[in-house]
Amino acid sequence: MKVSVKNLVKRYGETTAVDDISFVAEDGEFTTLLGPSGCGKTTTLRSIAGLERPDGGQITIGDTVLSDPSKNIFIPTQERNVGFVFQNFNVWPHLTVFENVAYPLRVRNYSEDEIEEKVMNVLKLTGLEDFRDRPSTQLSGGQQARVNVCRAIVYEPDLLLFDEPLTGLDRNLRHQMRYEIKRIQSDVGITTVYVTHSQPEAMTLADKIILMNPDGKIAQQGTADDLYYKPDSKFVFDFFGGSVEIEGTVTNPEGIQTDIGLFSVDVSPFDAGSSAIIGFRPESVQIGKEGAVNNWKGEVEDINFLGSTYEFFISVGDVTIRARQPRSGDIQEGRTVNFHIVPDDIFTYRPY
Amino acid sequence: MSMPDINNLSWNELKYKYIPETRDQRIILLSIFFSLLIVIILPIGSILVFSFADSFPITDGEFGFTLRHYTYLFENLSLLYEITLNSFIYAAGATFLAITVGTFAAFFTVKYLNDSMWVQLLMLIPYGIPSVAALVGWVILLGDVGVLTEAVIAVFNLSSSPWDIRSIWGMIFVEGVHTAPIAFLLMFPAIRNIPAAMDEASFTAGANRIRTFRQIILPVVWPSVLSTLLFLFVRTMATVTTPAVLGVPERIFTFGTAIPYIFLSGADLSYSKALSFSVFMIAITTVFILYYLKAQSAEDQFTTVLGAGRSEPRRYDSTILKQGLGITFVGAYLVIAGLLPFGAILWDSLVPGIMMSTDLSQFSLQNYVALFAGNAQGTFAWRRALWNTILVGVIVPTTGMLICMLIAYANQIIDIAFSKTFVFVASVPLAIPGIARSMGFLSVFIQTPIYGTWFILFIAYHGVALPIGMRYASPALTRIGSENVEVSLASGAGLIRSFRSILLPLISKDFIAGWMHTYVTVIRNVSIPILLYTAGSEVIAIELLTVLRAGYANTASTMAVIITLLSILPHIILQYWRVSGGLRGR
Chain A
26 MKVSVKNLVK RYGETTAVDD ISFVAEDGEF TTLLGPSGCG KTTTLRSIAG
76 LERPDGGQIT IGDTVLSDPS KNIFIPTQER NVGFVFQNFN VWPHLTVFEN
126 VAYPLRVRNY SEDEIEEKVM NVLKLTGLED FRDRPSTQLS GGQQARVNVC
176 RAIVYEPDLL LFDEPLTGLD RNLRHQMRYE IKRIQSDVGI TTVYVTHSQP
226 EAMTLADKII LMNPDGKIAQ QGTADDLYYK PDSKFVFDFF GGSVEIEGTV
276 TNPEGIQTDI GLFSVDVSPF DAGSSAIIGF RPESVQIGKE GAVNNWKGEV
326 EDINFLGSTY EFFISVGDVT IRARQPRSGD IQEGRTVNFH IVPDDIFTYR
376 PY
Chain B
636 MSMPDINNLS WNELKYKYIP ETRDQRIILL SIFFSLLIVI ILPIGSILVF
686 SFADSFPITD GEFGFTLRHY TYLFENLSLL YEITLNSFIY AAGATFLAIT
736 VGTFAAFFTV KYLNDSMWVQ LLMLIPYGIP SVAALVGWVI LLGDVGVLTE
786 AVIAVFNLSS SPWDIRSIWG MIFVEGVHTA PIAFLLMFPA IRNIPAAMDE
836 ASFTAGANRI RTFRQIILPV VWPSVLSTLL FLFVRTMATV TTPAVLGVPE
886 RIFTFGTAIP YIFLSGADLS YSKALSFSVF MIAITTVFIL YYLKAQSAED
936 QFTTVLGAGR SEPRRYDSTI LKQGLGITFV GAYLVIAGLL PFGAILWDSL
986 VPGIMMSTDL SQFSLQNYVA LFAGNAQGTF AWRRALWNTI LVGVIVPTTG
1036 MLICMLIAYA NQIIDIAFSK TFVFVASVPL AIPGIARSMG FLSVFIQTPI
1086 YGTWFILFIA YHGVALPIGM RYASPALTRI GSENVEVSLA SGAGLIRSFR
1136 SILLPLISKD FIAGWMHTYV TVIRNVSIPI LLYTAGSEVI AIELLTVLRA
1186 GYANTASTMA VIITLLSILP HIILQYWRVS GGLRGR
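Line by line, the protein sequences give chains A and B. Numbered per the numbering used here, the first sequence finishes at 377, counting up by one with no gaps. Numbered per the numbering used here, the second sequence finishes at 1221, counting up by one with no gaps.
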């Protein structure tokens, strides 16, 4: 079902945790709420679940209004038919795997036959069918995460909500679970809103990313490609890896003049003479190549081997440029190299 | 779930905060409200109101206000002065003895015995003997014709007893010895939490252990000592059992005994005077409780600086001799506070007749048979008392813990309206002496049909149960956190189902621990039933006190053994959980 959040506001005393945000998660879509700690992403999710009471705005699921303070509408969590997967797995230790998953169905007074069928279906979906009678205290972290997901989807909720569910897992398991969650979500086809502070996690999972900034507002929303390649603010650029930033002055119509020379970029959004920031990613720096514009020469100060790539620090005057490419070739420390930056890969912003 | 700041709330938000929306919220709110109203607010309120009534019980619906009962109290200043002075001397002496024993044992256990779980357990076990039972033992041992008294007279060829247990010194000794485990329980974590760096900094500065103890350890634990002192002082000041057995026969009256044995006794019986005296007593204890709270906040500040539980304490090099001395001290305490009084009652209960005998062939269960057959001297209501005790002993801890868990749930998990006030009200009985609360129940219910029934005891014991229960419920719910309930809510369950199906099973151990603590406290309690029982609603503790005061030693010791057996096992399990680290935050 489609979920719509319009002008959502949530305050705690003087602090505004969520400040007038709006977004839509289309039917079956996987949407992530991404952002640094304290940006209000979890509060937004909890507001959708009814675990927080919003101070303004409207949340709807399908045609049903879940909350709208201006009309004094607030449907309690237990009546919203949403599935919620929490950060701490909260698999109940006094119940077996089967009973943990069966709980929402028992609450809904399903018959024993239906419970058996539905629970086994989701246990099979997550490969837990052989663990049905195991006490939940004897599960590994990954198995607990799966039980947590099973419990949230077994009653076929209208909406599935995840609150940083992989934070407690080790790196390998986190990677594995990421794909598993994506697979389950696509098999079940349920609209999903997923909160995370991890940019790779958001990029792997999401059809749509809502990036929130520390002020509780949406910085940008779109596909992973949109946010990575077309960041519309310095915050988005920084959050998605960031890299080299150089401040300069707009010289209409040529580009932006910096300490290391002129960058030929589109300066139409700026006034001539105003300050602007140039940003580009290390992989946009092409060592040993030359283009029509944006060519520089610098000395290699340092080379780091990162496993799958090499990282180069090239000094041009007082500025150090970071570059990254798969092979080091014959580049060595102390050598002077030529490099080129593609104009389309350069982002420009107004200073804060 | 967090709530908005009240100063910035709109009308809708205020309505949301104070008027529950769902059926479950309303049920929880009303259950807690009515429980607290009946168990705490009405009795305490009624003491205050009725102490100003010109006569009590109210007859013909006529109610006039007067200060007469207060002026009576202060006109008889010598009586008031005597009761207050006796109470202070008794409480101060018993507290001093208890804290000295408790602190020394705690220091030794931490510094030389590496927190030994068994030593902790041995220190705590004697508290499992109800004081009314231990008193029987002490009368058998140290009374005018007590076993030890006679032995000392014979050995030292004395003409009379070198001591008089029925005196204020006897009261101090017995109460002090039996309160020491509580002092130990409170002082142990205080000493345990002093980080090694405190001692080590002093040693490296050149100080020896004695100087370190005097100038570093003692000042650092002083806030804890002070708050423990005040806690024990207030707790002891209005105890009923020890002064009733050892003080009242010699006309030594204290706060705990003045109401039942002066104001509600004899030809001058006056409920109004008892009520105004209750208010006087509450005023005195409130002053000490305020000091106690102040001392506790100082203790908390020290804890913040010291960083509670974050570092290991400094253990001292321990020789066999030092360990031996420590174990001997704890062993001696166990013998004095536990084995001697219990041995005495057990022995006496197995020997029919007045004389104590060492002839094993005379040992029999005759006293027990007589008790259960209804032929024992001095009691007609034993079986009924046993039944009533078991009934309240099982039901009160269960309902009490449920109410406390519900209050903590309302406050910590779902943040229901007024929940902070509920938590405060549930702990108010701590500041009100049991005998005054008992007076409160008497004043509320004396003119209702439930007075004189088992049901009034059932309600009144909840005043004992709630403050204990809250000490288990609050930390348990802090540990569980709100997410488990939120998962349940998201699964579609309501607040009550989430409480029943998820929360209660998750905190079952805390529930059982709180249950046992309440049970042990309820079945030994004298101050509540002493004013509320009538024929038909007797309990063992009262029946025992009555036969003991009437001098039926065999019956008393037999009852004392039974009440000890009922109490000691849950007490030992509870303390084992505590010292083995199974329970945190109590």
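Because the hints were derived from the structure by calculation, they are not lab data. Careful, some of the hints might be misleading.
Unchecked claim - Just the calculated beta-carbon pair ranges, DEER-fashion: (1) GLY332(A) to ARG1135(B): 48 to 54 Å; (2) GLU154(A) to GLY1216(B): 35 to 41 Å; (3) ASN113(A) to PHE700(B): 54 to 60 Å; (4) THR162(A) to ARG1135(B): 58 to 64 Å.
Said to hold, decoys possible - Partner residues aside, some chain B positions facing chain A, computed with beta carbon under 8 Å: (5) PRO655; (6) THR657; (7) ASN1119; (8) GLU1121; (9) LEU1124; (10) SER1126; (11) GLY1127; (12) GLY1129; (13) ARG1132; (14) ILE1137; (15) PRO1140.
For clarity, every value in this text was computed on a predicted model and none was experimentally measured. Beta carbons are placed, not taken as given, at the ideal position from N, Cα and C, and that holds for glycine.
Hint-by-hint comparison with the structure:
1. For the hinted restraint 48 to 54 Å between GLY332(A) and ARG1135(B), the CB-CB distance of approximately 53 Å keeps it satisfied.
2. Checked against the given bound of 35 to 41 Å, the beta carbons of GLU154(A) and GLY1216(B), roughly 38 Å apart, stay inside it.
3. At roughly 58 Å, the beta carbons of ASN113(A) and PHE700(B) sit within the given window of 54 to 60 Å.
4. Our hint of 58 to 64 Å for THR162(A) and ARG1135(B) is violated, since their Cβ atoms are close to 21 Å apart.
5. For PRO655(B), the interface hint is violated, the least distance from its beta-carbon to any beta-carbon of chain A being 11 Å, above 8 Å.
6. Hint on THR657(B) holds. Least Cβ distance to chain A is approximately 6 Å, under the 8 Å limit.
7. Taken as an interface hint, ASN1119(B) checks out: its beta carbon lies about 5 Å from the nearest beta carbon of chain A, inside 8 Å.
8. The beta carbon of GLU1121(B) is positioned within 8 Å of a beta carbon in chain A (closest approach about 5 Å), and the interface hint is therefore held.
9. The criterion of a C-beta within 8 Å of any C-beta in chain A is met by LEU1124(B), whose closest approach is roughly 4 Å, and the hint holds.
10. Taking 8 Å as the C-beta cut-off, the interface hint given for SER1126(B) holds, the closest approach to chain A being about 4 Å.
11. Residue-level restraint check for GLY1127(B) holds (minimum Cβ-Cβ distance to chain A is 5 Å; threshold 8 Å).
12. At its closest, the beta carbon of GLY1129(B) sits 6 Å from a beta carbon of chain A; the interface hint therefore holds under the 8 Å criterion.
13. With 8 Å as the threshold, the beta carbon of ARG1132(B) comes within range of chain A, its nearest partner Cβ sitting at about 6 Å, so the hint holds.
14. Interface hint at ILE1137(B): satisfied, since its Cβ lies 6 Å from the closest Cβ of chain A, which is below the 8 Å cut-off.
15. Using the Cβ-Cβ criterion of 8 Å, the hint placing PRO1140(B) at the interface with chain A is satisfied: the shortest such distance is roughly 4 Å.
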